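Asks: From first to last, the protein sequence lines are chains A and B.
For reference, each letter of the first sequence is one residue, going 1 to 717 in the numbering used here.
For reference, each letter of the second sequence is one residue, going 1 to 165 in the numbering used here.
Note that these hints are calculated values from the structure, not bench results.
There's no promise every hint is true.
[Said to hold, decoys possible] Only pairs whose alpha carbons sit at most 30 Å apart, straight line, appear in this in silico DSSO-like list of lysine-lysine:
#1 B:Lys10 - A:Lys203
#2 A:Lys246 - A:Lys101
#3 A:Lys364 - A:Lys458
#4 A:Lys281 - B:Lys113
#5 A:Lys335 - A:Lys322
#6 A:Lys101 - A:Lys185
#7 B:Lys10 - A:Lys606
#8 A:Lys335 - A:Lys572
#9 A:Lys322 - A:Lys245
#10 A:Lys562 - A:Lys188
#11 B:Lys79 - A:Lys209
#12 B:Lys116 - A:Lys562
#13 A:Lys203 - B:Lys116
#14 A:Lys209 - B:Lys116
#15 B:Lys156 - A:Lys562
#16 B:Lys79 - A:Lys203
#17 B:Lys70 - A:Lys203
#18 A:Lys567 - B:Lys156
#19 A:Lys281 - B:Lys10
#20 B:Lys113 - B:Lys156
#21 A:Lys101 - A:Lys335
#22 B:Lys113 - A:Lys203
Since the model is a prediction, treat every value here as computed from it, not as a measurement.
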Amino acid sequence: MSSLNVHRRSFLQVVALAGGGLMLGSYFAPSDADAAGPAEGDPFVPNAFIKIHPDGKITIIAKNPEEGQGVKQSLPMIICEELDVDWSQVTIEQALSDESKYGRQFAGGSLSTPMNYDNHRRLGAAVRAMLVAAAARTWNVPESELTTSKAAVSHNPTGRRLSYGKLAATAATLPVPDLAKVTLKDPKTFRLLGKRIPGVDNKAIATGKPIFGIDVTVPGMLHAVFEKCPVFAGKVGSANLATIKKLPGVKHAFVVDGVGTALDGLMPGVAIVADSWYNAKMARAQLQVKWDEGATAQQSSEWFAQRAAELSRKPADRSVRKDGDVDAAFAGAAKVVEAAYFYPFISHATLEPQNCTAHFKDGKLEIWAPTQMPQPGRDLVSRTMGIAGSDITIHLTRIGGGFGRRLKNDYMVEAAWISRVVNAPVKLLWTREDDMRHGHYRQAGYHYLKGAVDANGKLVGWRNHVILEGVRAGEWPARYVPNYSLELSSLPHGIPTGALRAPGSNGIAFVIQSFVDELATAAGMDPLQFRLDLMTPVVVALPADTFNAERMRGVLELVRDKSGWGKRTLPKGRGMGVAFHFSHQGYFAEVVDASVSAKGEVTVHKVWVAGDVGSQITNLSGAENQCQGACIDGVSAALGQEITIDNGRVVQGNFDAYPLLRMQRSFPVEVHFRATENSPTGLGEPALPPVIPALCNAIFAATGKRIRSLPIGDQLA
Amino acid sequence: MPISLTINGKSTTVDAPPEMPLLWVLRDILDLKGTKFGCGIAQCGACTVHLGGVPVRACVLPISAVAGQKITTIEGLSKDGAHPVQRAWDEIDVPQCGYCQAGQIMVAAALLKTTKNPTDADIDSAMQNICRCGTYNRIRQAVHRAAALSGVPGSKGADDQAGEE
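Given these sequences and hints, build the entire structure.
Replies: Here it is, written out as structure tokens:
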């Protein structure tokens, strides 16, 4: 992802606000060169707004959806740093979904920081430069004698000082600096970035203000439930709609046929619309639907496992990467290890169930949605319903947890469709069971591995035959072992899958970092040192988003030192495990201290995190919170979470069957960052993947039992 | 059927089916949206309110069972967020997505009423609500901090220790 070469042909647009204020929007028009520029083909056209009012009030627009990852403060903080205003002096406003104005707006891939860090700095710096120029003109002094702080320009030789508010009207008349040439601060002089700044919405959250999607109220709004076939992509045969329509509060009940492909689009189902959600849900309890279940009804978790085992004994469908000669390496090795690993489908289980409020009126739609991907949501609604994208307004509400689930907009198109049918504003709310049984799950994966070490304990061969889940061709240890083979076999199925926090990585890291531990044991080496020995840098020019062994070595050494690795004496049944993983441009090494009771119950005592996400942490409080949460999330999934499929249906329906970690089993997470001379990157995801194998490796250290299948469940009993 | 309730110190009468859960009466009849829906089966605790000062899960509590009783929701915990637990939650920067936190705050406030200076073990047994984002490190820290803000001497969250892990 290109984030730094975006400033050609950029220009700022200055608009005088009523009353003499200054509104500065920054438009980066993509030039011909830029259109061909970014590697992934995405035009990079960000935009941000700064409003400075004559009374000194300053408003900063937060462009991306807030799902708990902290972008509603971290992106505006970047502007404030260069603008030289205190955090207490600004008001943050959430942007509408409008990519023509703000550029790409989404919450995914830990990309908000890498895609916006540099341009948000430039936006702040450009405005600061204009305010300095305005003061220089006002006082007739050289700009070099002026300084800025706390939203004011000072002329120290004469002790004069003017607030940005007072300078705004003059600044609005001045030429706009070229963003590419604007002077940025020396990061050593940062006053705000790197500090701990509490969340913008903390007070609203702590006092119960209606800020989430589920809280939206529109005058005249009706409430909807939507029942889909328990078997994915199943269709409605018939339903007792006449009975449902007579129930208390019910205004409408109808079949939605579904539009689009089987698992992506508007899925078929039955909508019940009532004067309250309670009445809609009570009516749904009486709903009887005859479903046309379709082919997925033949599929089950056991069938997947059986098919995977069969495929593992056959040559793979295709080779993803092949270096050297693994078979020769295995034949000549001192020790060879083979193992089969598995991780299940899991659900995002966002605590705020999927919901959306839509108001269809006069051919246009207004939507309030907790979505990570508003523009694709607009596209989905537009093509499903035949409404122009320009006739769809999307308000971005705070999101009660995303984790990738709300990259999909199925709930949005359902609400929009239902609103058009009933010709009234409608809030659609899924039950927890709807959410758990109609997700876009983390893809399950089966990995069949064979590895070898030589007489010196050096890794000489690695083969992984992956079934179901794709693995990136460059995934470590590719390039770091001379004989390497990555093979893939597909197992088509009818279960919807999607990105879940650190997609791919959250399962792959468990497999790779557990198997590396098995090889360290075979080699008779300390698991952390074995990994360090594998970090010999490869001398080739690598793109920035490719694994860099120097950076990983740095965090491995840091976590070794901080955790007291190898220096602690632990009681029987307790052990420490280490793992690392590179994802989303972030380098993370983690150590888990865990014990296993005689009954097989796992207790995590502590986790140490060492991360390298570049030169600058934006908000240290948010950054630490993300890492702590990622570790809790990973351990929570590893201990007990699994979505199983029976006759094409998800078995689990609620938190009684799908346990999320609670306070009593939580553990302290100590977070350390290692600053390196690299562009700052995101933190929503990369701290998660290593904690799962680090836990499993700690369990091995504690008990000698190797976890090769998730969740851990009662395997240790 | 009209049912009388006392919510956040105000008496009110709602016309609702007797089996309707308190959660939906609060959210959709009385427009008090701070109390959240997470599971509907008293598992997650996002819907926690105080019934006579005791934390209860409103999603499974029929309105008929609470008639005439004193109910406090997150909106009624304090004027303007001044309750020590609310202040501690902001200061320690507990929330990530924030969806569970009203429920967590209601449980913490009830805990501090009966246990002025809770130990970690007290927190473990009282704070049973789910936080999907995993903010438990900070919830624990904020409960200690709230005890200190409430004026409990020597609590783990006193000023000289605030901000420590």
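Asks: For each hint, tell me whether it holds in the structure or not.
Replies: Hint by hint, here is what the structure shows:
1. B:Lys10 - A:Lys203: holds (23 Å)
2. A:Lys246 - A:Lys101: violated (47 Å)
3. A:Lys364 - A:Lys458: violated (65 Å)
4. A:Lys281 - B:Lys113: Violated. Lys281 (chain A) to Lys113 (chain B) sits at ~36 Å, over the 30 Å cutoff.
5. A:Lys335 - A:Lys322: holds (21 Å)
6. A:Lys101 - A:Lys185: Holds. Lys101 (chain A) to Lys185 (chain A) sits at ~26 Å (cutoff 30 Å).
7. B:Lys10 - A:Lys606: Judged against 30 Å, a Cα distance of about 46 Å means the pair is violated.
8. A:Lys335 - A:Lys572: Roughly 28 Å between the alpha carbons, so the hint for Lys335 (chain A) and Lys572 (chain A) holds.
9. A:Lys322 - A:Lys245: Between Lys322 (chain A) and Lys245 (chain A) the Cα gap is close to 62 Å, so the pair fails against 30 Å, i.e. violated.
10. A:Lys562 - A:Lys188: Distance ~25 Å between Lys562 (chain A) and Lys188 (chain A) Cα, so the pair holds.
11. B:Lys79 - A:Lys209: holds (13 Å)
12. B:Lys116 - A:Lys562: It is violated: about 34 Å lies between the C-alpha atoms, which goes past 30 Å.
13. A:Lys203 - B:Lys116: Within the cut-off at roughly 23 Å; holds.
14. A:Lys209 - B:Lys116: holds (27 Å)
15. B:Lys156 - A:Lys562: holds (24 Å)
16. B:Lys79 - A:Lys203: Status holds; Cα separation ~12 Å.
17. B:Lys70 - A:Lys203: holds (25 Å)
18. A:Lys567 - B:Lys156: Distance ~29 Å between Lys567 (chain A) and Lys156 (chain B) Cα, so the pair holds.
19. A:Lys281 - B:Lys10: OK: Lys281 (chain A) and Lys10 (chain B) at ~29 Å, within 30 Å.
20. B:Lys113 - B:Lys156: holds (17 Å)
21. A:Lys101 - A:Lys335: Measuring from Cα to Cα gives roughly 60 Å; hence the hint is violated.
22. B:Lys113 - A:Lys203: Answer holds: Lys113 (chain B) to Lys203 (chain A) is near 22 Å, not above 30 Å.
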